[in-house]
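With the hints in hand, could you dock these two chains into one complex?
From first to last, the protein sequence lines stand for chains W and F.
For the first sequence, numbering that gives the first Met the number 0 assigns the number 0 to the initial residue and increments by one for each residue that follows.
For the second sequence, numbering that gives the first Met the number 0 assigns the number 0 to the initial residue and increments by one for each residue that follows.
The reader is advised that the hints may include incorrect statements.
What the hints assert, rightly or not - Derived CB-CB ranges, DEER-like: (1) W/L529 to F/G297: 39 to 45 Å; (2) F/G297 to W/K463: 30 to 36 Å; (3) W/E240 to F/K52: 54 to 60 Å; (4) W/S341 to F/G137: 33 to 39 Å; (5) F/K227 to W/K463: 22 to 28 Å; (6) W/K463 to F/W164: 34 to 40 Å; (7) W/K463 to F/Q141: 51 to 57 Å; (8) F/G69 to W/S341: 26 to 32 Å; (9) W/N346 to F/D70: 34 to 40 Å; (10) F/D70 to W/G254: 28 to 34 Å; (11) W/N257 to F/Q141: 46 to 52 Å; (12) F/L27 to W/L409: 45 to 51 Å; (13) W/E216 to F/K52: 26 to 32 Å.
None of these hints come from the bench; they were simulated from the model.
Yeah, the Cβ is synthetic: ideal placement off N, Cα and C, and Gly gets one too.
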Amino acid sequence: MTIFMPCLVALWISVPNFNYSNVEIINDAVLADGEAEAVQEVRKKLPFWPDWLPNKLINLGLDLRGGAQVLVEVILEDSYSENITGYWGDLRKILRSQRENIGSFRRTGQFGENLTLEFESFEKASQAEKLLTLKIYPVSDLSILKPEYIEVLRSGKRLTIELSNLQKESINKLTMEKSLEIIRRRVDEAGTREPSIQRQGDSRILVQVPGMGSAEELLQLIGKTARLTFHKVSGQKTTSEHQLDSDQIILPDEGGNNYFILEQVPVVSGESLTNAQPSFDQNNRPAVSFQFNPTAGRKFGDYTKSNIGEPFAIVLDGVVISAPVIQSHIPGGTGIITGSFSVDESNRLAILLRAGALPAGIRVLEQRTVGPELGADSIQSGKVAAIVGGVFVLLFMIFIYRTFGLFANLALMINMVLIIAVLTTIGATLTLPGIAGIVLTIGMAVDANVIIFERIKEEIKRKKNTFDAVKNGYEMALSSIIDANVTTFIAAVVLFCFGSGPIKGFSITLGVGILTSVFTAIYVTRLFILMYLNWFKPKTFLV
Amino acid sequence: MQDRNYDFFKYRKVTSGLSIALVVISALFFGVLGLNYGIDFKGGSMIMIKDDKTAVIGEYRELLNSMNLGDFNITEVFDPAKSLGASSEKTFLIRIEQSQGDQAAQSEVISDVRELINKKFSKALFLQADSVGAKVSGELVQKGIISIVLAVCAVLIYVWLRFEWQFAIGAIAALIHDVLITIGVFSVLRLEFNLAIIAALLTIIGYSLNDTVVVFDRVRENLKKNSKSLLEIVLNNSVNETLSRTIRTSVTTLLALIALFVFGGDVLRGFVSALIIGVVVGSYSSVFIASRILLILGVKRDWNNVGSKAGTQFSNIDA
Chain W
0 MTIFMPCLVA LWISVPNFNY SNVEIINDAV LADGEAEAVQ EVRKKLPFWP DWLPNKLINL
60 GLDLRGGAQV LVEVILEDSY SENITGYWGD LRKILRSQRE NIGSFRRTGQ FGENLTLEFE
120 SFEKASQAEK LLTLKIYPVS DLSILKPEYI EVLRSGKRLT IELSNLQKES INKLTMEKSL
180 EIIRRRVDEA GTREPSIQRQ GDSRILVQVP GMGSAEELLQ LIGKTARLTF HKVSGQKTTS
240 EHQLDSDQII LPDEGGNNYF ILEQVPVVSG ESLTNAQPSF DQNNRPAVSF QFNPTAGRKF
300 GDYTKSNIGE PFAIVLDGVV ISAPVIQSHI PGGTGIITGS FSVDESNRLA ILLRAGALPA
360 GIRVLEQRTV GPELGADSIQ SGKVAAIVGG VFVLLFMIFI YRTFGLFANL ALMINMVLII
420 AVLTTIGATL TLPGIAGIVL TIGMAVDANV IIFERIKEEI KRKKNTFDAV KNGYEMALSS
480 IIDANVTTFI AAVVLFCFGS GPIKGFSITL GVGILTSVFT AIYVTRLFIL MYLNWFKPKT
540 FLV
Chain F
0 MQDRNYDFFK YRKVTSGLSI ALVVISALFF GVLGLNYGID FKGGSMIMIK DDKTAVIGEY
60 RELLNSMNLG DFNITEVFDP AKSLGASSEK TFLIRIEQSQ GDQAAQSEVI SDVRELINKK
120 FSKALFLQAD SVGAKVSGEL VQKGIISIVL AVCAVLIYVW LRFEWQFAIG AIAALIHDVL
180 ITIGVFSVLR LEFNLAIIAA LLTIIGYSLN DTVVVFDRVR ENLKKNSKSL LEIVLNNSVN
240 ETLSRTIRTS VTTLLALIAL FVFGGDVLRG FVSALIIGVV VGSYSSVFIA SRILLILGVK
300 RDWNNVGSKA GTQFSNIDA
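One chain only, chain F, in its complex shape (with noise of 0.2 Å):
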């Protein structure tokens, strides 16, 4: 295999032109459109009924008009294994909207709902039925919010104390890059904002930390072994010899991805979308941006304290 060595910073106006606009038209979206919440943070009920091939939805959202339910939207829930399986079910996706000021559950609109549905509809199947009351909801957004700034505050002194501050910036320049794109991209594409993608953000935040910190360790390295050289070259080179990797975990962790995203089934599909997008932007940003962020900070060239023998810097910690 040749070496390779391609220039990262090269066009490293387009490529951080790309990730800032990326990055504003992903707020502003997020502050113009906002989230399609799920009910864990809006309140509400949600129920998931399957009947077989023959169903059709105009007579389940006329069944519901009938019932003044208030606020409602039915959808039918896209499943990729069973198109290729030319399945002979569809799964039906019912969404109640929480009155107002009201704090408990809805129990009674779901017992109504399942009472009538059943009544009607003889091959209709209750998969799941939700419902979160408007107070444990606000607790929900509350309690994410907090989880990511945690953990985002964690990783940060964590990098702060192994390397140094400028690698610590970098870091989070990268992750919060990775997060907010993909809160875009939710935002754009109305798809779903639930629990479940609270944690895919946090499994996000590992994941681009885990490639930029390989970057940023190689970076130290070649910065001990090169004390002399341009940073840039030391970043494009570090940059470079880990490239092979960057890709290569990316690919695995995308296979497994993939293969959860059509057949884990449609609970955890949102939570699998979360995650492939923030592992292809996760990628992308621990090579572009990272380093980019790095080279723009500067970075103490003078490791000489330190023991420069290879293989000896796992003991050393830069505090």
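So here's chain W without its partners, still in its complex pose (with noise of 0.2 Å):
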């Protein structure tokens, strides 16, 4: 009875599974509203599933259910100059306090990841290196550099100003989980269903959409940094090349013809958003107003109240999206966004605006979209291929070994049934190669119980009696049985540490379907064909 009490429980669990498709529209509609009625009014229309029944149902992977993943880099560069170039003010009060010593300076170059000072001679640069790498200068409450955070090397008259390893590493982890939260956000806006969003090493995050129609929708949706900012324009070009002052930099419209010189420091920012959305304006084309915090509304508002008749530049990513001339006075901080954009656009920069701008650029490292016909079609052709299989290998071991056959195709039934019990409770992912998977199980479990059946016929023929037959026979193919599981077991283990997705799911099978197979072949078997000697005690048999 200890045998059959977990293959019993099996079962309970594993029943869900196999009314797939209503069970989970129960389950969207138990967490889409919790209320008893709504719930009661689904159950209603659909076939026979009481709520004492289990609701767990296996996972099914990407490419079961059809959806779009990416997997990408943040490009971690990108927040080290826009810290630098913060540090850059404290930076120059500190090497300003000591000009006595160190004369005057000059920053050469745009901000990058690091930054370069050129000072008058080659006495006041080590002067001043000296100042900053022993760290001696007072910091203020107020200052966000600390002395540990950069690293000073120089060359000839010349410092280069560097963050240190210490602060790139403590940067890296908060990029990386500000972009994690960002792109969270961003694809829970999307009312997007059950989506995976992990981190894989250092640098590289991998999202997963069920349902989502195509990576380059989602690229779409995270892909873009969404760096929003405002700025005073001093000037219009209709080339890139122009000499700037030191604050000022010189971006494109969104068709690359003009060029337009603005602030480098913008006047208000996206950070300081509290919503978006997507709207229209006047002319009935499609828009986005925003709305900022009380902070930036008044800057915004003091901004535009001393500047009517300006033009102003709204720049997006690095493209200035539109730049119209300030009509009035903007009070309480609201706004709206022109550009030539469609509806599904400013829909998706609605979106991206409210969830906020990524810390860092990205870069794609590799996409795939698994459309959801496929993904329909590889469960249909799993299954055909499942019961085609199993009835193969149920008639051959009829064929085989008749009776005993019988009892080896109950225990690879209920080795199945054990399989995706195992993989519900433990939350498995149920990929397409997971399927092939469980069907090679189907072919290798058996092989438990075909060495024993050929160790026990053994035994019958040097006249032993049944049931020492038997149990000599399980005794002795035991050994065969476990060394001969172990070493596939080995592979599957292998290729779960280092397979990727799909690969992962076959390995989970394919290690389970060892476990379940092996305790089938050895107890359930067993006890069924202890059972028929018992009860029929049949004088031979496996003829």
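This is how it looks when you write it as structure tokens:
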């Protein structure tokens, strides 16, 4: 009886999977709104599935459900330059306070991953280097720069300042956490079901969204940095080549034909937005309306008040998407962005602005789309293959071993139920290769029984009585069975550790299948055989 | 059922020669022709499209030609299940090569192709569209090789612990034989070699060992029983005694695999082909190769220090 208990439990657990689509609809209804009445409605419409039956289902992988997957790499270096730029103010203050020793200096080149300063002479530069490397400068509570954050390198009369490795690491950590959060928010905002967003390694993020039409669609959501800034416009040109002041930048418009010279420091930026919604402008063109938080709202209001008649640039990810002339004072911190959007684009931009900007750019390393048709096809073909394969194996076993084959077949079916139950319980994801793993297990599961039956046969040839033959057969076969299955299990474990996605699914079903098939072969069939011998007392068997 | 007693070593020159020849040919093909790597390992894009029966592959090719995609090819997917049932659909597979030095995935290429094909062929349905950047594909190659080496080492250690080093060598020889020949077949037939095939190779390693270990287990048992007989005879008897099991298990596994090959759909076909080859070669090698290596290496004959009572050898671990 102790053998049958786990089998019955397994049957209980696996039972909802045989009515997958209906149970899923009910589960979705329960998730959508927990109200009992609404759920009852859904239940009524569907074929019999009472609520006292279990409702936990196997997760279907992306390849079976259809959906999109992308693997992206966060360009961590992006946030280095932002940090260095942020330190520049403090750095300048510190160096200026020691002007009598180090003289005057100037920043050369643009802000990047590092910052280069040029001093009057070699001596002055080494004085400054000493000051910065010995970390003896005063740090006020207000400054964001701490001595341990930076690394100073000198060549000639130039100092190059970059982030220390320690600081890079902590920035990396922050950048990854923030990126994960923003991506999660954006995917959630888009209203997709059960997305999975995982960090992989130091700088990668794997995003899987079942039911999404294509990876390109997903990338439109997560691929954009969506950094929105509002700048004062200093000039407009038709080429990008222009002499700039050190606090100016030049950016193209959407068509790439016009260039705007802007003040580098934005008046306000997208971080201060509290809300963004798709809407339409006066001319009924798609637009995005937004709302600033009080501080930024006041800043924006003051700026518009004192710059009436001046152009004002709205910049998204390094492109000027619109540069309206300020018509009047805009109080209350609300505004509208018009550009050449389609309705879809304005919807998407609103989502991106609400979710916030990514702290760094991302690079797409891998993208995969499985259409829902292929997913459904795959489930169907997997089912057919499993049934056909199963029937072949069942017939073959009966043909070879007659009565004992029947026992092996019963054990095989119990084995299937066990596999499904284990997969459901551990929350494993079933993929198409996973189904292949189950079908392969059907073929290999009978192996243990074949080994045992062949042994029993040999024992009978030695003129043992039936009970002894069965007993010896099992004992002698055990060593082979264990050895044989451990080797396959090792391969499954290696697959699990190194495989990704679908391959992992295969290794799980293969591994689980090995464990359950050993259990059923050794215990379940033995029980059947002993019961058969007890009740029917056959003189001979296994022709 | 009468006792079988085939002499498996009678034609050892033929069988060993055949195996060596096959392994050498496989290695040569692999070396000269290489493998038809899929986008997992080479980078690039793969798009699978379903269209109805009237679709003409030439029209697709023409359209793609006009797009300036660089190196690409388009093929029609063969599906035995569909050709049996006079299918009303055709499936096309488009592969686009990664441009040199491009590390990222070709997102734009895929969206361009999607847009254009949807415009021109109204019935076309995108089943699958994958793109893998060179950076990731390089890592996947590395991971694949590491996983195979690791699996081989792990089972080598296991067999060595449970048996003797000669057995481990025999098992590994059989296993390398199986894996190499499978790779050889993939090279000759230009079948796509992708991540799933690595999984298949690892399964073949597991299966090949499974087969070999059952034979070895019997060898060990018989060596204990008949410490006086010639090694050749003991080995031959062991192979004979386990022969029906070897065949029957292969048959059931093959039945399941053939069902998968025919009905399992396009996505699984390469994977299942590899497994079918591996199971056939694996059964052959456990009969002809593994025991042959044991015969060449010779085995420890003095097993008397371990319990001689049948049925308890499970607990003996010969480290």
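Comparing the hints with the structure gives:
Checked against the hint of 39 to 45 Å, the pair W/L529 and F/G297 passes, with Cβ atoms roughly 42 Å apart. Roughly 34 Å separates the CB atoms of F/G297 and W/K463, a value that falls within the hinted 30 to 36 Å. Take W/E240 and F/K52: their Cβ atoms lie about 58 Å apart, and the range 54 to 60 Å holds. For the pair W/S341 and F/G137, the supplied restraint of 33 to 39 Å holds, since their beta-carbon distance comes to about 38 Å.
A C-beta distance of roughly 25 Å is found between F/K227 and W/K463, which places it inside the suggested range of 22 to 28 Å. Separation of W/K463 from F/W164 is about 35 Å and conforms to the stated range, judged on CB atoms against 34 to 40 Å. Remark: the range hint 51 to 57 Å for W/K463 to F/Q141 is upheld by a beta-carbon distance near 55 Å. The supplied range of 26 to 32 Å is met by F/G69 and W/S341, whose beta-carbon atoms lie about 30 Å from each other.
Taking the beta carbon of each, W/N346 and F/D70 are about 37 Å apart, inside 34 to 40 Å as hinted. Between F/D70 and W/G254 the C-beta distance comes to about 32 Å, which sits within the given range of 28 to 34 Å. Look at W/N257 against F/Q141: about 47 Å separates their beta carbons, and that is inside 46 to 52 Å. Between F/L27 and W/L409 the beta carbon distance is about 49 Å. The supplied range of 45 to 51 Å therefore holds.
At roughly 29 Å, the beta-carbon separation of W/E216 and F/K52 lies within the given 26 to 32 Å, and the hint holds.
Hint compliance for this structure: every hint is met.
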